[in-house]
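Engineer: These are the residues of each chain, in order.
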Amino acid sequence: DIQMTQSPSFLSASVGDRVTLSCKASQNINKYLAWYQQKLGEAPKLLIYNANSLQTGIPSRFSGSGSGTDFTLTISSLQPEDVATYFCLQHNSWPGTFGGGTKLELK
Amino acid sequence: EVQLVESGGGLVQPGRSLKLSCLASGFTFSNYGMNWIRQAPGKGLEWVASISSSSSYIYYADTVKGRFTISRDNAKNTLYLQMTSLRSEDTALYYCVRSVDYWGQGVMVTVSS
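Keeping their order, the protein sequence lines are chains A and B.
The opening position of the first sequence corresponds to residue 1340 in my numbering, with each subsequent residue numbered one higher.
The opening position of the second sequence corresponds to residue 1310 in my numbering, with each subsequent residue numbered one higher.
Think of the hints as simulated: they come from the structure by calculation, not from any bench.
Keep in mind the model is a prediction, meaning the values are calculated, not measured.
Zero decoy hints are in this set.
Simulated pairs of lysine to any residue, SDA-like, Cα-Cα distance not exceeding 25 Å:
| no. | chain 1 | residue 1 | chain 2 | residue 2 |
| --- | --- | --- | --- | --- |
| 1 | A | Lys1378 | B | Met1417 |
| 2 | A | Lys1384 | B | Tyr1368 |
| 3 | A | Lys1378 | B | Pro1350 |
| 4 | A | Lys1370 | B | Gly1342 |
| 5 | B | Lys1352 | A | Phe1349 |
| 6 | B | Lys1352 | A | Ala1423 |
| 7 | A | Lys1442 | B | Lys1352 |
| 8 | B | Lys1352 | A | Glu1381 |
| 9 | A | Lys1378 | B | Leu1332 |
| 10 | B | Lys1328 | A | Ala1382 |
| 11 | A | Lys1378 | B | Glu1310 |
| 12 | A | Lys1442 | B | Gln1348 |
| 13 | A | Lys1442 | B | Thr1400 |
| 14 | A | Lys1363 | A | Asn1389 |
| 15 | A | Lys1384 | B | Ala1370 |
| 16 | B | Lys1385 | B | Ser1361 |
| 17 | B | Lys1328 | B | Glu1398 |
| 18 | A | Lys1378 | B | Gly1353 |
| 19 | B | Lys1352 | A | Leu1445 |
| 20 | A | Lys1384 | B | Gln1414 |
| 21 | A | Lys1384 | B | Ser1339 |
| 22 | B | Lys1352 | A | Leu1350 |
Derived list of chain A stretches under chain B, where covered just means 3 residues or more per stretch with a C-beta under 8 Å from a C-beta of chain B:
| no. | segment |
| --- | --- |
| 23 | 1382-1390 |
| 24 | 1424-1435 |
We put the beta carbon where it would ideally sit given N, CA and C, even for glycine.
Model the full structure from these sequences, guided by the hints.
Structural biologist: Take a look at the structure:
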């Protein structure tokens, strides 16, 4: 199975900060990478698909980049409602595998 | 609005069976591959099983192969997961997921004596 490594595991940032999260695949996954936001007690919400495509209804402060093995999720200006856990998913090959997640908190 | 509503979870003894259902609405169910993904308490996410739109292709994680069966009824807009020979390590919140985009709220399965 493809291993997905997310970093950092925890991140504390201030409102208005630019935040960058990383996800690395153990082998080439082309652009089949999705980013999700999960708030406590809620189902995961898709933010970015195909590495850099913004899901409908998601604020434009979220963006994704990368291809191959290295991917990044960027929040251009952190808002209080962005406090959540973020995780990546590769679906280039079966089984899809998830990163361990980054827990984002407000400083 | 896409909605996925899981049901059928609960407390079950090791070795017993349970069948989960996921009722879909707000989209053409028969056009999409569907998945079951689970999250054990305090653990990461695990892709459990997948089924293509016409049930032609089915995949299982090694951890459930031979014990779980994924199926769908496109006439009823419903996805199923039949779970047999349940183990304590199957305890998790089970999510019904459309392709990779929409997730249900999840249904809890607890395997314990």
